[in-house]
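**Student:** Below, each chain spelled out in residue letters.
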Amino acid sequence: MSKKVLLNSKEIEIILHRLACQLIENHNDFSETVLIGLQPRGSFLAKRLAHILTNDYKIKNIHLGLLDITFYRDDFRRRDEPLEATNTQIDFLIENKNVVLIDDVLFSGRSVRAALTAIQSYGRPENVELLVLIDRRFSRHLPIQPTYKGRQVDAINEEKVIVHWKEIHSKDAIYIDNK
Amino acid sequence: MKQLSVEHLLGIKYLNKNDIDLIFETANHFKEVINRPIKKVPSLRDITIANLFFENSTRTKLSFELAEKRLSADVINFSASQSSVKKGETLIDTVNNILAMKVDIVIMRHPNVGAGVFLSKHVDAKIINAGDGTHEHPTQALLDSYSIKEKLGTIKGKKIVIVGDILHSRVALSNIFALKLQGAEVKVCGPTTLIPKYITSLGVEVETNIKKALEWCDVANVLRVQHERMDINYFPSTREYTQLFGINNEILDNLGKKITIMHPGPINRGVEITSDVADSDQSIILNQVENGVAVRMAVIYLLAQQIKR
Numbered sequence: 001m002s003k004k005v006l007l008n009s010k011e012i013e014i015i016l017h018r019l020a021c022q023l024i025e026n027h028n029d030f031s032e033t034v035l036i037g038l039q040p041r042g043s044f045l046a047k048r049l050a051h052i053l054t055n056d057y058k059i060k061n062i063h064l065g066l067l068d069i070t071f072y073r074d075d076f077r078r079r080d081e082p083l084e085a086t087n088t089q090i091d092f093l094i095e096n097k098n099v100v101l102i103d104d105v106l107f108s109g110r111s112v113r114a115a116l117t118a119i120q121s122y123g124r125p126e127n128v129e130l131l132v133l134i135d136r137r138f139s140r141h142l143p144i145q146p147t148y149k150g151r152q153v154d155a156i157n158e159e160k161v162i163v164h165w166k167e168i169h170s171k172d173a174i175y176i177d178n179k
Numbered sequence: 180m181k182q183l184s185v186e187h188l189l190g191i192k193y194l195n196k197n198d199i200d201l202i203f204e205t206a207n208h209f210k211e212v213i214n215r216p217i218k219k220v221p222s223l224r225d226i227t228i229a230n231l232f233f234e235n236s237t238r239t240k241l242s243f244e245l246a247e248k249r250l251s252a253d254v255i256n257f258s259a260s261q262s263s264v265k266k267g268e269t270l271i272d273t274v275n276n277i278l279a280m281k282v283d284i285v286i287m288r289h290p291n292v293g294a295g296v297f298l299s300k301h302v303d304a305k306i307i308n309a310g311d312g313t314h315e316h317p318t319q320a321l322l323d324s325y326s327i328k329e330k331l332g333t334i335k336g337k338k339i340v341i342v343g344d345i346l347h348s349r350v351a352l353s354n355i356f357a358l359k360l361q362g363a364e365v366k367v368c369g370p371t372t373l374i375p376k377y378i379t380s381l382g383v384e385v386e387t388n389i390k391k392a393l394e395w396c397d398v399a400n401v402l403r404v405q406h407e408r409m410d411i412n413y414f415p416s417t418r419e420y421t422q423l424f425g426i427n428n429e430i431l432d433n434l435g436k437k438i439t440i441m442h443p444g445p446i447n448r449g450v451e452i453t454s455d456v457a458d459s460d461q462s463i464i465l466n467q468v469e470n471g472v473a474v475r476m477a478v479i480y481l482l483a484q485q486i487k488r
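Each protein sequence line maps, in turn, to chains B and W.
Here my numbering is used: the first residue of the first sequence is 1, the next is one more, and so on.
Here my numbering is used: the first residue of the second sequence is 180, the next is one more, and so on.
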């Protein structure tokens, strides 16, 4: 097994700031925009971006929600391991809002498909965008593409992209694991 | 993630503490779901559930049906009063006929003790017991515990008294199993004629003085007097029962503490509990009903997860 570093903490920091700036470019003061992190792993990225937008770019009133998609997945009962749900925390309606779905790695696109269904339970959004840190090209099962992406990688299916966040793993880093 | 240790939900006595924790964790998620503007998830859209009610029920049946629909399952309903059971069909035949229509989960209420266990051995479907005679009513006990936990934060070490007709109550028995499993102290209180002889072997204490029982407890779960199950007179009159075991504001005000009042419904207002107590802020009766849907969704979801195609 070999694990190689794809992005180190400095590179991740730069990418996060770039993504934050791209969001500002499209969403101005965020008054009609909500950020939705996909639980569990997308929530770290969503929280980090919200933090950067608030503290470094002085944008007030960022609406941040966390969405669990377990009950919307299309592989319920098709996996050997049962799925574990996490909390959903969305205390606002998304009716007529611009929604930015946020996840760490875009692979098959099935999680995003589930999220698109799940988000409708909170109203009809004006439009929905997708922000991902890592876009794994050539591995999509569905016609879903990110609006904003941190880095595109051409990893083969057997390889695994592992994202470490300093909140749980002591430092930020992204690895490609070749088993 | 964890799975339930059982294949059917036939009674609390077959569950362990981890199962209850898992059901409650899952129910927390579903409670959030049923408070959304759109209260539905598509998880069980390829699952068919039959609700077989061989005995009357209003809230349990509605609660199960709503839970099933919130999970997007297909639902068929059956009640014995309008069926071929009246024509002499056996339980296994009835159920197998229903299963031939490709049903995955059967939710059954039956007047006979052990009907769920019997069925689980003879038919190929997940069985959820929605009450079997005077034996168990597991989902009611789960939602009662869930509601206590929601109100008091924990169950461990809490003092809970179950008041009323313990002898005929499947709610009491399932509650005793569930509460003991979670580390609560449990007493039962009622007329001695309505307390089973060997109830103390389950680790509960008996108290026949309602005032003492209420002074001791944190939570009082008040049961209905089940006139329909009483073939002989267990107490002289309803009026006497109310005087000796009825809970009213006067008793509660003199306790010097605020206890939580629960009731599985349907309430005989003015018999086991007065209207002002049932509608007071000490009562969590309507929370129990709301939590019932979330808890039943959790149970159905977790059992459905085990179905492989």
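Worth flagging that the hints you see were computed from the coordinates, not collected in a lab.
In this text, a Cβ means the ideal position worked out from N, Cα and C, and glycines have one as well.
Each hint should be verified, as a subset may be incorrect.
[Claimed, not checked] Per the computed footprint, the stretches of chain B lying under chain W, defined by three or more beta-carbons under 8 Å from a beta-carbon of chain W, are: (1) 76-82; (2) 98-108; (3) 120-134; (4) 142-152.
**Student:** Hints first: check each against the structure and report whether it holds.
**Tutor:** The hints, checked one at a time:
1. 76-82: n = 4 at 8 Å, threshold three: holds.
2. 98-108: With 0 residues close enough to chain W, the hint is violated.
3. 120-134: Holds, because 4 residues of the segment 120-134 of chain B bring their Cβ atoms closer than 8 Å to Cβ atoms of chain W.
4. 142-152: Violated - the segment 142-152 of chain B has 0 residues with a Cβ nearer than 8 Å to chain W, which falls short of three.
Of the numbered hints stated above, those contradicted by the structure are hints 2, 4, listed in ascending order.
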